[in-house]
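Engineer: For reference, the chains in residue letters:
2 protein chains.
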Amino acid sequence: MTTGNHNLIAANDVSGTAVYGADNSKVGSIDRVMIDKRSGKVAYAVMTFGGVLGIGGSERPVPWNTLTYDTDLGGYKTSITEDQLKTAPQSQSGWENDRDWETRTHQTYGTQPYWI
Amino acid sequence: MTTGNHNLIAANDVSGTAVYGADNSKVGSIDRVMIDKRSGKVAYAVMTFGGVLGIGGSERPVPWNTLTYDTDLGGYKTSITEDQLKTAPQSQSGWENDRDWETRTHQTYGTQPYWI
Chain W
154 MTTGNHNLIA ANDVSGTAVY GADNSKVGSI DRVMIDKRSG KVAYAVMTFG
204 GVLGIGGSER PVPWNTLTYD TDLGGYKTSI TEDQLKTAPQ SQSGWENDRD
254 WETRTHQTYG TQPYWI
Chain L
154 MTTGNHNLIA ANDVSGTAVY GADNSKVGSI DRVMIDKRSG KVAYAVMTFG
204 GVLGIGGSER PVPWNTLTYD TDLGGYKTSI TEDQLKTAPQ SQSGWENDRD
254 WETRTHQTYG TQPYWI
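If you're matching them up, the sequences are chains W and L in order.
Mapping to my numbering: the first sequence position 25 is 178, numbers consecutive.
Mapping to my numbering: the second sequence position 87 is 240, numbers consecutive.
Identical chains share a label here; the pair holds if one copy fits it or two copies do between them.
When the alpha-carbon atoms are kept at most 27 Å apart in a straight line, the in silico DSSO-like pairs for lysine-lysine are as follows:
| hint | residue 1 | residue 2 |
| --- | --- | --- |
| 1 | K230 | K179 |
| 2 | K179 | K194 |
| 3 | K239 | K179 |
| 4 | K194 | K230 |
Keep in mind the hints are simulated off the structure, nothing from the lab.
Full structure from sequences and hints, please.
Structural biologist: Put into structure tokens, the structure is as follows:
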């Protein structure tokens with residue numbers, strides 16, 4: 154029985170998925186997803202914004218729970234704002250092993266850390 | 154501050170990670186991980202076993218919660234048995250959209266489905 158839920162996707166195929174803002178305009182895309190090895194939860198989407206939100210083309214790790222999959226758009230909608238992106242910590246080398254950096258990032262976006 | 158927790162990994166880098174059995178011998182490796190788009194949880198590891206457990210080289214989706222990351226081994230340990238692998242549903246085309254197939258798979262492995 155095929156239920157048509159279509160909720161499963163190979164993690165590698167998430168790379169390149171578009172991300173849309175509150176007004177349904179494309180703001181960027183997902184370069185890769187970061188998994189918490191122990192819990193098996195997706196922790197971050199590392200996104201590129203292409204200068205749309207005024208932060209240039211730099212990579213930004215964004216907490217996964219700022220994204221919601223939208224079947225109509227065929228991509229993710231995000232609740233993050235331009236102000237949040239501008240004030241969030243830069244993705245310095247080693248950020249993925251830096252709990253202090255992660256804590257500040259979640260504070261900026263107002264999100265519940267995945268490790269709690 | 155680097156805490157050295159090292160829990161985050163790019164999903165794409167999970168591909169190729171070794172999986173070890175109860176006796177710490179390598180039983181196979183992860184080809185790719187499948188994510189539930191809505192919850193952001195890793196639902197399955199699609200594994201190859203290389204004939205070790207008597208099921209040939211075929212791909213098998215294995216519920217993610219049968220795997221535990223082992224920092225000493227640098228890979229995942231699995232609780233699944235050869236009998237479970239042999240009796241689990243084959244990974245027929247379209248399994249990832251087939252809730253009935255998924256239910257039988259979780260029943261075989263005795264695991265809690267990710268959608269509950």
